[in-house]
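Work the whole structure out from these sequences, hints included.
Chains as they are written, first to last, in numbering that gives the first Met the number 0: chain A, 0 to 177; chain B, 0 to 177.
I should point out that these hints are in silico values taken from the structure, not numbers from a laboratory.
Keep in mind it's a predicted model, so treat the numbers as computed, not measured.
Quick reminder that beta carbons are idealized off the backbone N, C-alpha and C, glycines included.
Take the hints with a grain of salt, since some may be wrong.
Okay, derived cross-link-like pairs now, BS3-like style, lysine-lysine, Cα gap no bigger than 25 Å in a straight line [claimed, not checked]:
hint	chain 1	residue 1	chain 2	residue 2
1	A	Lys142	B	Lys132
2	A	Lys142	A	Lys66
3	A	Lys63	B	Lys27
4	B	Lys142	B	Lys63
5	A	Lys123	A	Lys142
6	B	Lys27	B	Lys63
7	A	Lys168	B	Lys132
8	A	Lys142	A	Lys27
9	A	Lys132	B	Lys168
10	A	Lys123	A	Lys66
11	B	Lys142	B	Lys177
12	B	Lys168	A	Lys151
13	B	Lys132	A	Lys132
14	A	Lys66	B	Lys27
15	B	Lys168	A	Lys63
Beta-carbon label-pair distances, calculated as ranges [unchecked claim]:
hint	chain 1	residue 1	chain 2	residue 2	range
16	B	Arg160	A	Pro45	18 to 26 Å
17	A	Glu76	B	Arg175	20 to 28 Å
18	B	Arg149	A	Arg91	35 to 43 Å
19	A	Asn86	B	Gly161	32 to 40 Å
20	A	Arg128	B	Gly161	29 to 37 Å
There are 2 protein chains.
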Amino acid sequence: MARRSFPLSEVYRLLEPGPVVLLTTAHKGRANVMAQSWHMMLEFEPPMVACVVSNRNLSFNMLKASKECVINIPTVELAPQVVACGNSSGRRVDKFKAFQLIPATASLVQAPLIAECWANLECKVVDTRAVNKYCLFILEVLKAWTDPARRKPRTIHHQGRGSFMVAGKTIRLRSRMK
Amino acid sequence: MARRSFPLSEVYRLLEPGPVVLLTTAHKGRANVMAQSWHMMLEFEPPMVACVVSNRNLSFNMLKASKECVINIPTVELAPQVVACGNSSGRRVDKFKAFQLIPATASLVQAPLIAECWANLECKVVDTRAVNKYCLFILEVLKAWTDPARRKPRTIHHQGRGSFMVAGKTIRLRSRMK
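Structure below.
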């Protein structure tokens, strides 16, 4: 995909609707990817994100050790790969190869971008105080990318037990909320 | 609405897709409501939720003092009221009266349920350690309700600057993710 830099002040608009994301990490020359829905915005600018990564996941160790990750936002076309990532562990399989996801070089972190995703947020871990109790990492988004060719990215939203809501139409209202 | 108790173990299925919610609080005989999108699941059971309430909002003071709230999940039919809640402050207006939202008595907390919402989660604040730095409250869901008459609740998902994505169709995939 052709990536275009996306303004950091607008990153909240990507994550607030609650898309499933693919979180990529890299440590000691090895990369991994997991499907994830437990994330939220914490601050507008610089954009900060809170996210939960279970300590049962390989990504937990890699995130804790490397202090970096990329939040990749897939669309419905990638749903089979997203589910495949969620159904498997990086301890047993190289998910990039197994599910044909193309890792691309990020600009500021070691973790790879997933080329097929419509948006990519390069992040560093800035606070680990809630990791032991809640597996909750606080991230700062250092760099954001989107694919300018995608006008209506239809994200998917996890409803549990194999159900995913696909983003529907957009309505516009006179909101003064940022 | 006729409310039916909803299993606590399934609460994550309501919040993971990222709906805009209406957060109600009550303190010293007074109730308030705010529109909110910065929330995420933190644990399955008992269900725990992290949420950000800005200290510029009246709800921040009420939540901090009362240690209780209700997360009410509206559908697209309520979008005008949701935006009206976001555009105004409880310091200046009684939003329930102004926007014709009917407060209903909760079972375990003082904060009211919003009768028009399709789901209501009664919560208590269980951890305030991240409040000073991030305005981040950790909640435990004590009781959950849904309206059994609503089969396909079309939630709304904030995209910023007056745009809201309306929940589209649901797809089913062979996910082993809970």
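To see whether the hints hold, each was checked on the structure:
no., hint, verdict
1, Lys142/A to Lys132/B, "23 Å, holds"
2, Lys142/A to Lys66/A, "15 Å, holds"
3, Lys63/A to Lys27/B, "43 Å, violated"
4, Lys142/B to Lys63/B, "20 Å, holds"
5, Lys123/A to Lys142/A, "10 Å, holds"
6, Lys27/B to Lys63/B, "13 Å, holds"
7, Lys168/A to Lys132/B, "36 Å, violated"
8, Lys142/A to Lys27/A, "22 Å, holds"
9, Lys132/A to Lys168/B, "36 Å, violated"
10, Lys123/A to Lys66/A, "6 Å, holds"
11, Lys142/B to Lys177/B, "20 Å, holds"
12, Lys168/B to Lys151/A, "15 Å, holds"
13, Lys132/B to Lys132/A, "17 Å, holds"
14, Lys66/A to Lys27/B, "44 Å, violated"
15, Lys168/B to Lys63/A, "36 Å, violated"
16, Arg160/B to Pro45/A: 18 to 26 Å, "19 Å, holds"
17, Glu76/A to Arg175/B: 20 to 28 Å, "21 Å, holds"
18, Arg149/B to Arg91/A: 35 to 43 Å, "41 Å, holds"
19, Asn86/A to Gly161/B: 32 to 40 Å, "38 Å, holds"
20, Arg128/A to Gly161/B: 29 to 37 Å, "36 Å, holds"
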